[in-house]
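Read off the chains here:
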Amino acid sequence: MALPLAPLIWLAIWLYMRNRKGGAGGVDLSPGFWLFVWIICIWNSVFVAGLLFGGAAVSENPAWALPALAAAVFCFPWTFARWVLIPAGWTRAAYYVLRIPGTTLWKDRRGGALAGAVWAHTRSGRRSPRVDEWLQKKLAALSPLKAGGVAALALSRAAEGEIDFARGLMRLVLAFDRNARPRRILRVAVEWLAAEAATRGDWEAVRAIGSRRGVRTRWTLFASLAARRLLGESRPHALLLRAAWLLAPNRIGSLGLLRLALAGRQDAPVQREEGGLPATFSDLLRLHAALWKEGPASAGDLDRVQLGWSRLFMKGVAGGLRERAAAIAAANAEHVWEEARARIVGDLASMLREHGHSLAALTPSGLTEDIRARLEDEGMEELEHAAGALARRRANQQVLPVHDELVEWCALRDLYESLAGVASNGLRPLAFASVYPAASGHAVWLFNERGERPLGNALLRVLLEEARNAGDVEAERLQAANVAIPI
Amino acid sequence: MASRDIFMGIDLGTTNSTAAVFDGERVDFVRDQQGATVLPSVVRIDSRGTVTAGSRARRYLESDPENTRTEFKRLMGTREEMLFPASRQKKTPPELAAEVLKVIRRAAGVQIGFEPEQAVISVPALFELPQSAATSEAGRLAGFSKVELIQEPVASALAAGWTADEDEGFWLVYDLGGGTFDASLLETRDGLLRVVAHDGDNFLGGRDIDQALSGWLAERLAEEHGVRVSRSDPSDAAIFRRLKLAAEEAKIELSHASEAVLSLEGISSPKGEIDVDLVLNRATLDALALPVIEKSIEVCERLVLANGVEKGKLHRVVLVGGPTAMPVLRQRIRERLQIPVAEGLDPMTLVAHGAALFALTSRLPARPVAVSEEKRRSFWLQYPGMSSDPAPHVLGRLTAAPGDGTEPSAAEPFAIRLSRSDGGWKGGLLELDAEGAFVTSVELLPRKTSVFFLEAFAKDGSVVPVEPRSLTIVHGLTISDPPLSRTVGVALADDSTREFIRRGTPLPARKTLTLRTVETVAKGSEGSLLKIPIIQGEFPSAHLCRLVGTLEIAGREVTATLPPGSAVEVTLELDRGGRLSARAFVPALNRVFSEVAHLAVPEIAPDSLAAAIASARERLAGIRRDAFANRDRNLLERAGEVEAHLAEAARDLAAARGGEPDSTQRAQRNLLDAEAVLAELEEERSWPELWDEAQQEFAFSAEWVARLGTEIEERHLSEAGRALEKAHQGKNATELSRQLRLVKRLGTAAFYRHPDAWFWMFDAASSSVSRASEPAKAAKLVKEGEEARKRGDSAAVRGVVERLWALLPPDPEFRRLGYDSGIR
Amino acid sequence: MKSDLAGRVASNPFLVLGITPAFSRREMEREGQKLLGMLELGMAEARSYPTVFGPRPRTPEMVREAMAELRDPGRRLAHELLFLEGTAGVDADRGEKTVGWSGAFSALGLSRWPSR
Ligand SMILES: Nc1ncnc2c1ncn2[C@@H]1O[C@H](COP(=O)(O)OP(=O)(O)O)[C@@H](O)[C@H]1O
Ligand SMILES: [Mg+2]
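Protein chains in written order, with this note's numbering: chain A, 19 to 505; chain B, 1228 to 2051; chain C, 4 to 119.
Warning: the hint list may mix true and false statements.
[Said to hold, decoys possible] Straight line, CA to CA, 30 Å or less: simulated DSS-like cross-link-like pairs of lysine-lysine:
| hint | chain 1 | residue 1 | chain 2 | residue 2 |
| --- | --- | --- | --- | --- |
| 1 | B | 1686 | B | 1675 |
| 2 | B | 1498 | B | 1522 |
| 3 | B | 2007 | A | 155 |
| 4 | B | 1373 | B | 1953 |
| 5 | B | 2007 | B | 2017 |
| 6 | B | 1471 | B | 1318 |
| 7 | B | 1373 | B | 1318 |
| 8 | B | 1750 | A | 156 |
| 9 | B | 1540 | B | 1675 |
| 10 | B | 1540 | B | 1329 |
| 11 | B | 1471 | B | 1498 |
| 12 | B | 1738 | A | 311 |
| 13 | A | 333 | B | 1686 |
| 14 | B | 1318 | A | 333 |
| 15 | B | 1738 | B | 1758 |
These are calculated hints, taken from the structure and not from any lab test.
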């Protein structure tokens, strides 16, 4: 008869410990200690819960199930919250259940619990201003910010529709030190990123996420298999795909992806005969205009148009234009021609960037050099502006709330990557050199002076990785040392 | 048609104003009680606060100059207020202009039987937005419900073209007023009139002739009567005013007569009060006036030349303004410019005449069309009041029935027909479309006024009475819309500009462009403010254009923090009167901001202008020295150009100090022009220096990378070297400094790998410690550093150096230049 | 359609005025005048014009600006070059299409607030 009370006893111990912790002014107990306590506690509780369920089954008295349930919640708060409270949209319940100390979120319990709560709120179907305010207050109070908090922010922004910013934040979650990043949160971030990439149809990214070691989940594994099939490179067998789908959670929801992947690539690349390109300005313009239609233009399409234009412009001012100029008494045929060329180059460059294609996707022609120059010029200018703004703000000690700091950081990172990704290889070191001093200074500032050590550390990690990519040996050495400073 | 529409045009001049009314056939000029068509732009407020304007006020210009003001047009658009000490009243320029307009409006009311409610007012071609807006405001204050603006030269040409027979080619409009001179080059082609370019001198006019003449009079007084008067003696100011008035009267008289007698009564002389009679002949006046005339012609030559029009190609010149009545002026123009002078036009009233014609063109009748009270169906018609097209479109649409459904459907118009009143043309029967509308074209009588009858028919063919029964179109020149005089745009953070509405764009105009923010606007923060400066001018550098307003997005109004690079959709809108409105839509916030901080020509204190001129002089001297050293003739010539602008600016500044408030504006403009050329010259000059610096940097980096760099670094460096070379060839300064940054990074990275690097840096930093912001703290750091060096502790030295750097002054920012813009 | 070129093609003065480069200056003025009248009268057919991107709204300001652009021979020439008429041809084969999976977020139980 004393057995059902066991969880309550544990609860009492927990409350005591919590009080002690709070009373000591936030003195942290060593994680090892907690681990020890909880391993004992959990397995005891599992045992108790099992007994209780057994008792309920044997005695056919449903009242027994109640304490059993409590014990189960107590043992597996994340599982309970993730599969019951969040789908039900019980925001506060999710928050408090996730605050139950356990091993799952102990690296950032407040932030992690908040992430769960935000998620639950978005699932509640109805946006309550009161709950919103409550969440925002809790979010703002998170300091220092750790991975859980960043994920919470990301979920809340994603719900607002700010997907780009949310993506930046989720990527940042991956960069956090493992001591500030609960595993569950990492998994949420990874799945979110995979889903987001799938929404955009960026299968390359989906595959990359699924094959990242150490952060794979069953769902991202399935998604990456599907992505590989859709990319049509090495096609995993349909059976394998089905098996992965069966193993992954969210089966019903993911059925759409399974079907899509099984259907495979919808349209094989159309073979185009060489020389089939239009030869007049207006026909080319029409072909070009087709690229502006909704949805991303493929690299192949861009290349085709680009080739057509370069062929046309190689021939110099069209005779028709000269005649026309004479007819209407305009003396600037050359200028008009050059201006049109510059506009077309500019447009090709901006499309390349907007759709995230690399310059390498274009066949070298009379225009590609100009497109490159254009891309580099515009991109570098934007980047310099953004980095300058960051540096200026720090120099003026203009402190923003941490969340807003993140807005700025993510915007800068997106800008940098879109530029580094699209242009030639030679640009990466140049781009890096122009953002690095400001970005690094900023991260160090957050780390040293703003008391945001985990966040500062995460930003430095991002810089470290990028220093490697850009081949900046000195920055790499320095950031490796910085990252090693314990948070 | 009960009565013809009447159209009104007003020339609101600096010295004189005139007005004309036009009924579609005849032009009449508005006369005041004395029967004069020319109304002095003078306003007086006496000690009881009674306001008088026009010729009655002008009389007091001599005896009570304190309380009698003129030339307020020069101050339009500024925040300057004019004080009338007797009544202790302050009036803004538009308020004073409104007093003149009120007199005109009243006089016109007597003449045409009702007080006009709508009119066209002319403004100088070079008026900028705030000045135009102030003029519209004056019209509103005078009681007009709607006014439209037209550029003075366009009005003149319209009036001149209207009475002329042929109209192809380039025209010059020469407008010499009381104190301003404007020259405009216009082109007519296919019956369409266009202003090609303007030039002018804001301080040249009839007044200068009066000045010269009164000087001559003073000499005569001294020689013949022993009366000594001196301009610099304040006690002689009154007599000089009298001399000037007498001189002006004589001057005007001499435009028609060959001799004039000046009688000055009660002049105090050594022999007591005497009456003086002086005889002035035309030759003397001509000699005195010649410098003014020659100067104005030089401006014309400059204008014509600058626009690549050969002298002989000028079709003709239209003379406007009082002084152009002088025969010598006409003769000199004919001789020097070799153009026929359009004769038979009254230079005083031409502008008002043209403005009235324009009122017809834009169908702005003095009395808005009254809605018919009768129970008949009416058409809402659209057609040009005046058109160069011999077959313009006429459109119409049935308005809602006044009785609304009570009328039998049999009377519903089904088709219409238009026919010309002289019977020379008849249109076909035209069925109305589903919207009750029709579109057709009519045939005009060449160079005449055509009246068309509108008839409507029901489905059964019976005639349906409709309003209006006729419409009038004049065949003549077309000027569709007033063009914008100077490009309007937005200043960007890097001091460049983004053009929104280009010069010459017809008004009204609206344009929306997406720009990006350069820095964070923090939510709810008092301190952070995003500025969007609105500028006017055609220079590529924002600071050389004129700031006409600023749109502001304040942090406290922002609901979510805006990161840099956020989109801002800026819309600029100009109405026909040149009033500017601006708004910014921020998609991320889903909010519109429309607060324009100020919209007036900003005043600059004469002292700071003087300082600016001095510093420009200094910069110029530097360029000159270089130019001499390198025997660069081109550079020297262009330096001369700057010099000319600066000299003008200095002259204006002196005038401003002497109490001519609008010359500050002019000085400012000249200074801007000078700076534009200076900036160009400096860039050219600094290029070799920049390249030298780049080469040195590269050499430094190459050495260190070779010694201590990695393979990747070496590769990057050599790529950067190639890019540098390319930037050098293309003279691309931005690219050069960008590559230079990478080069420096590579070089310093390698450099710091040297075990002694930080010791060297320490030496460098401690040598410039005198410039540190906190010397005591810096000295302490130096000491600390020296100790660490003795210990050989590189890491500690490094810490010291970094802290020292923080104390040294940062690089200046050049963002201030672009009016502190927060966007790009 | 962020690019400058696309904007220029869509707001080409010839399209705005509903004419082709074959129209003379005088004919252009007449068409512009007519459109201004139609817009003033609120006639439905004048309120939009076809472009390769589908119909675009037409305002009196646009008509006026278009007329001013075409009066200048130099600028007219530039607009003639970028004149792209009609709606046909833009759907011409767009090779490979990248297909996204719109159900990804909801499959994971992630949802968004309805937009404001
Ligand atoms: N018949 C004339 N002959 C010479 N000068 C004249 C004559 N009539 C007026 N003026 C001069 O013209 C000037 C005013 O010209 P106006 O065109 O009215 O000036 P604004 O355009 O500045 O209002 C005055 O200086 C006046 O003396
Ligand atoms: Mg005048």
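So, going through the hints one by one against the coordinates:
1. Distance hint between residue 1686(B) and residue 1675(B) is unfulfilled; the C-alpha atoms sit about 35 Å from each other, more than 30 Å.
2. Between the alpha carbons of residue 1498(B) and residue 1522(B) the distance comes to roughly 41 Å, so the proposed pair goes past 30 Å and is violated.
3. Of the pairs offered as hints, the one joining residue 2007(B) and residue 155(A) is violated, with about 45 Å between alpha carbons and a cut-off of 30 Å exceeded.
4. Taken as a hint, the residue 1373(B) and residue 1953(B) pair is broken in the structure, with Cα atoms around 59 Å apart against an allowance of 30 Å.
5. Proximity of residue 2007(B) to residue 2017(B) is assessed by CA-CA distance (about 16 Å); at most 30 Å being required, the pair is judged to hold.
6. At most 30 Å may separate the alpha-carbon atoms for a hinted pair to count; residue 1471(B) and residue 1318(B) meet this at roughly 27 Å.
7. For the hint linking residue 1373(B) to residue 1318(B), the alpha-carbon distance of about 22 Å falls within 30 Å, and the restraint holds.
8. Between the alpha carbons of residue 1750(B) and residue 156(A) the distance comes to roughly 18 Å, so the proposed pair stays at or under 30 Å and holds.
9. Among the hinted pairs, residue 1540(B) with residue 1675(B) is consistent with the structure: their alpha-carbon atoms are about 29 Å apart, no more than 30 Å.
10. This hinted pair does not check out: residue 1540(B) and residue 1329(B) have alpha carbons roughly 43 Å apart, beyond 30 Å.
11. A threshold of 30 Å between alpha carbons decides the hint, and for residue 1471(B) with residue 1498(B) the separation of about 23 Å falls inside it, so the pair holds.
12. Distance hint between residue 1738(B) and residue 311(A) is fulfilled; the C-alpha atoms sit about 24 Å from each other, no more than 30 Å.
13. Note on residue 333(A) and residue 1686(B): the hinted pairing is violated, with a Cα-Cα distance of about 62 Å set against a maximum of 30 Å.
14. For a cut-off of 30 Å, the pair hint linking residue 1318(B) to residue 333(A) is broken: about 66 Å separates their Cα positions.
15. Between residue 1738(B) and residue 1758(B) the CA atoms are separated by roughly 19 Å; this keeps the pair inside 30 Å, and the hint holds.
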